[in-house]
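Protein chains: 2
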Amino acid sequence: MQSKNRILLSHGSGGKLSHELIQNLFVKYFNNDYLDAQTDSSLIKTTGGEISFTTDSYVVDPIFFQGGNIGKLAVCGTVNDLAVSGAIPKYLSCAFIIEEGFEIEQLEIIVKSMAGEARNAGVKIITGDTKVVNRGKCDKVFINTAGIGELPSLHRHFGFGNTIKPGDKIIVNGNIGDHGIAILAAREALSFKSDIASDCAPLNDLISKIVGNPASIRFMRDATRGGLATVLCELAESKNLGIEIQEDKIPVNEIVAGACEIFGFDPLYLANEGKIVLIVDGNDASNILETMKKHPLGKQSSIIGTIVETNPKKVLLETSVGGRRILDMLAGEMLPRIC
Amino acid sequence: MQSKNRILLSHGSGGKLSHELIQNLFVKYFNNDYLDAQTDSSLIKTTGGEISFTTDSYVVDPIFFQGGNIGKLAVCGTVNDLAVSGAIPKYLSCAFIIEEGFEIEQLEIIVKSMAGEARNAGVKIITGDTKVVNRGKCDKVFINTAGIGELPSLHRHFGFGNTIKPGDKIIVNGNIGDHGIAILAAREALSFKSDIASDCAPLNDLISKIVGNPASIRFMRDATRGGLATVLCELAESKNLGIEIQEDKIPVNEIVAGACEIFGFDPLYLANEGKIVLIVDGNDASNILETMKKHPLGKQSSIIGTIVETNPKKVLLETSVGGRRILDMLAGEMLPRIC
Numbered sequence: 001m002q003s004k005n006r007i008l009l010s011h012g013s014g015g016k017l018s019h020e021l022i023q024n025l026f027v028k029y030f031n032n033d034y035l036d037a038q039t040d041s042s043l044i045k046t047t048g049g050e051i052s053f054t055t056d057s058y059v060v061d062p063i064f065f066q067g068g069n070i071g072k073l074a075v076c077g078t079v080n081d082l083a084v085s086g087a088i089p090k091y092l093s094c095a096f097i098i099e100e101g102f103e104i105e106q107l108e109i110i111v112k113s114m115a116g117e118a119r120n121a122g123v124k125i126i127t128g129d130t131k132v133v134n135r136g137k138c139d140k141v142f143i144n145t146a147g148i149g150e151l152p153s154l155h156r157h158f159g160f161g162n163t164i165k166p167g168d169k170i171i172v173n174g175n176i177g178d179h180g181i182a183i184l185a186a187r188e189a190l191s192f193k194s195d196i197a198s199d200c201a202p203l204n205d206l207i208s209k210i211v212g213n214p215a216s217i218r219f220m221r222d223a224t225r226g227g228l229a230t231v232l233c234e235l236a237e238s239k240n241l242g243i244e245i246q247e248d249k250i251p252v253n254e255i256v257a258g259a260c261e262i263f264g265f266d267p268l269y270l271a272n273e274g275k276i277v278l279i280v281d282g283n284d285a286s287n288i289l290e291t292m293k294k295h296p297l298g299k300q301s302s303i304i305g306t307i308v309e310t311n312p313k314k315v316l317l318e319t320s321v322g323g324r325r326i327l328d329m330l331a332g333e334m335l336p337r338i339c
Numbered sequence: 001m002q003s004k005n006r007i008l009l010s011h012g013s014g015g016k017l018s019h020e021l022i023q024n025l026f027v028k029y030f031n032n033d034y035l036d037a038q039t040d041s042s043l044i045k046t047t048g049g050e051i052s053f054t055t056d057s058y059v060v061d062p063i064f065f066q067g068g069n070i071g072k073l074a075v076c077g078t079v080n081d082l083a084v085s086g087a088i089p090k091y092l093s094c095a096f097i098i099e100e101g102f103e104i105e106q107l108e109i110i111v112k113s114m115a116g117e118a119r120n121a122g123v124k125i126i127t128g129d130t131k132v133v134n135r136g137k138c139d140k141v142f143i144n145t146a147g148i149g150e151l152p153s154l155h156r157h158f159g160f161g162n163t164i165k166p167g168d169k170i171i172v173n174g175n176i177g178d179h180g181i182a183i184l185a186a187r188e189a190l191s192f193k194s195d196i197a198s199d200c201a202p203l204n205d206l207i208s209k210i211v212g213n214p215a216s217i218r219f220m221r222d223a224t225r226g227g228l229a230t231v232l233c234e235l236a237e238s239k240n241l242g243i244e245i246q247e248d249k250i251p252v253n254e255i256v257a258g259a260c261e262i263f264g265f266d267p268l269y270l271a272n273e274g275k276i277v278l279i280v281d282g283n284d285a286s287n288i289l290e291t292m293k294k295h296p297l298g299k300q301s302s303i304i305g306t307i308v309e310t311n312p313k314k315v316l317l318e319t320s321v322g323g324r325r326i327l328d329m330l331a332g333e334m335l336p337r338i339c
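Those protein sequence lines, which keep their order, are chains A and B.
The numbering of the first sequence is my numbering, which starts it at 1 and goes up by one.
The numbering of the second sequence is my numbering, which starts it at 1 and goes up by one.
Be careful, since some hints might not be right.
Since the list gives no way to pick one copy over another, a pair counts as held whenever it fits inside one copy or between any two copies.
The calculated DSS-like cross-link candidates involving lysine-lysine, where the alpha carbons are at most 25 Å apart (straight line), are [said to hold, decoys possible]:
no., residue 1, residue 2
1, Lys16, Lys313
2, Lys90, Lys112
3, Lys28, Lys124
4, Lys313, Lys28
Just so you know, these hints were derived from the structure itself, not from any lab.
Based on the sequences and whatever the hints tell you, model everything.
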């Protein structure tokens with residue numbers, strides 16, 4: 001082991017090695033005027049109006065998986081939380097907690113990937129922090145990103161869902177459960193390992209195509225931990241409305257469906273990192289669907305169900321074989337450390 | 001062990017237990033309209049102009065110590081990073097990474113303390129995240145806070161220090177090294193345990209008293225990891241100026257000085273969590289000092305040195321016995337996980 005290629009406690013001391021790490025890694029790759037100033041906080045010019053503010057910590061295990069890594073996830077996840085609120089994601093903070101002994105080369109791959117994904121999503125990583133903990137006191141690396149987005153004055157906060165009403169349609173932008181199964185595969189070295197990639201992607205560009213007529217969009221949420229079912233259960237509960245979805249309209253990759261059968265998982269509860277659930281005006285649903293299908297991240301979009309007056313607070317799944325079952329919020333934990 | 005009194009992996013699943021935890025702990029104590037909305041991001045109305053954005057993760061070990069705990073630190077630290085930029089701290093995010101099995105009662109003490117400190121500092125905790133990792137994969141609890149502050153139009157970003165010039169004076173607002181020694185004491189169960197408390201405090205109120213005349217204030221920075229010496233070394237280096245400080249003007253508690261002698265630490269490099277270093281116009285230094293001394297967090301304020309033309313990029317310490325030594329940036333790590 002060459003210690004100079006590994007993270008030392010001193011990299012988190014705030015002293016010389018911290019400065020080297022910031023300069024040679026973070027400033028190099030994240031590369032923007034805000035970071036160059038190297039102050040503890042960054043200045044942002046606002047134009048007035050509303051901004052959206054969010055945070056998430058990422059502790060995914062393993063840190064590298066088919067379709068992404070913890071860094072890509074940390075950028076996309078926070079970008080998506082901003083985008084589903086109706087905001088245009090603009091700025092991210094980025095804070096690392098790193099285990100002593102972690103290979104700097106691996107950190108570099110993660111940081112590079114974050115920089116690329118930030119460019120891809122049109123956001124700037126403008127402030128950060130690095131802490132190092134003794135070996136065995138964390139698991140390789142944890143990343144927190146907080147994000148700021150600008151809310152155009154014509155947009156509402158789409159996360160509230162206060163205008164949802166019976167007759168509204170539910171849309172998802174493609175196959176569900178890919179992220180969950182990709183992580184499972186990376187953990188277990190399963191035979192389907194190379195066949196399924198995480199859907200981890202920034203959704204702000206797709207979302208920007210459909211928020212032009214905000215009156216049609218009642219609600220947006222990315223279906224991450226807890227999956228599609230949990231988003232819908234939360235919504236039915238909080239809005240005192242019924243939700244009916246049809247199993248055969250819900251897009252699921254065959255490999256994911258197969259893996260779920262083998263391992264006893266339900267794709268409805270598997271985590272996604274590139275899927276939004278939309279509630280839209282029933283009259284505009286097919287137009288919105290068409291627009292989404294034209295986007296690379298929306299090709300498999302599907303109208304999966306309807307908001308109803310009957311059975312308030314309940315989510316009913318009409319199964320492919322014609323049965324009905326009530327979906328509940330995720331009660332336990334299917335796959336810990338999925339994001 | 002009653003498992004219901006401990007954090008389970010399911011508390012981080014995004015499902016039922018996550019919701020209970022959010023409702024019974026975070027929403028209860030942080031208690032504001034923003035959180036009540038329970039969306040993944042929160043909306044902030046801005047008045048235009050500039051905002052300051054910062055982040056820090058807190059991994060202090062132990063999580064409870066004389067004068068504070070990891071939660072109090074997470075609020076004060078980020079409030080201070082905003083305040084030294086010249087901003088008025090307004091909003092915090094708060095993300096927990098918790099070890100499976102952590103006592104919920106301890107978490108409640110931390111959350112309560114964060115809520116109290118946020119009230120004390122006049123900031124609102126408006127968005128958050130909770131992740132749970134398997135036992136042994138983190139150390140009890142890590143907290144990230146990101147913060148947003150509003151920069152009044154007459155303030156500059158005091159973190160840049162672009163107007164510093166020879167003749168300017170250096171002020172600190174009191175005893176240095178208290179936080180470092182409080183952590184050491186909590187770790188080692190030393191005899192001075194009960195005598196020294198961390199200086200952990202939000203400095204925004206003190207700072208608000210002295211930024212009325214921004215032309216006089218050239219630079220502000222809180223002296224955390226790396227201590228007073230590292231802040232000054234960074235400044236001398238980046239501004240290509242010399243700094244001279246006098247040992248007998250630097251306020252150090254006797255107990256801290258004694259502990260440093262025993263353990264071979266230098267108080268100049270010990271972490272603080274309630275100390276600012278100010279560079280001010282030499283002509284206004286005594287006025288600013290008087291104002292600071294009237295504030296509870298500035299009673300021991302002292303002018304400790306001067307910006308000079310000689311010895312650019314160097315920090316010279318004039319010792320109490322009349323010698324001179326050059327201070328360097330912290331090279332190794334005296335006390336890991338100090339914040």
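Taking the hints in turn, this is what the structure says about them:
{"no.": "1", "hint": "Lys16 to Lys313", "verdict": "between (56 Å within a copy, 15 Å between copies)"}
{"no.": "2", "hint": "Lys90 to Lys112", "verdict": "within (19 Å within a copy, 32 Å between copies)"}
{"no.": "3", "hint": "Lys28 to Lys124", "verdict": "within (13 Å within a copy, 34 Å between copies)"}
{"no.": "4", "hint": "Lys313 to Lys28", "verdict": "between (50 Å within a copy, 23 Å between copies)"}
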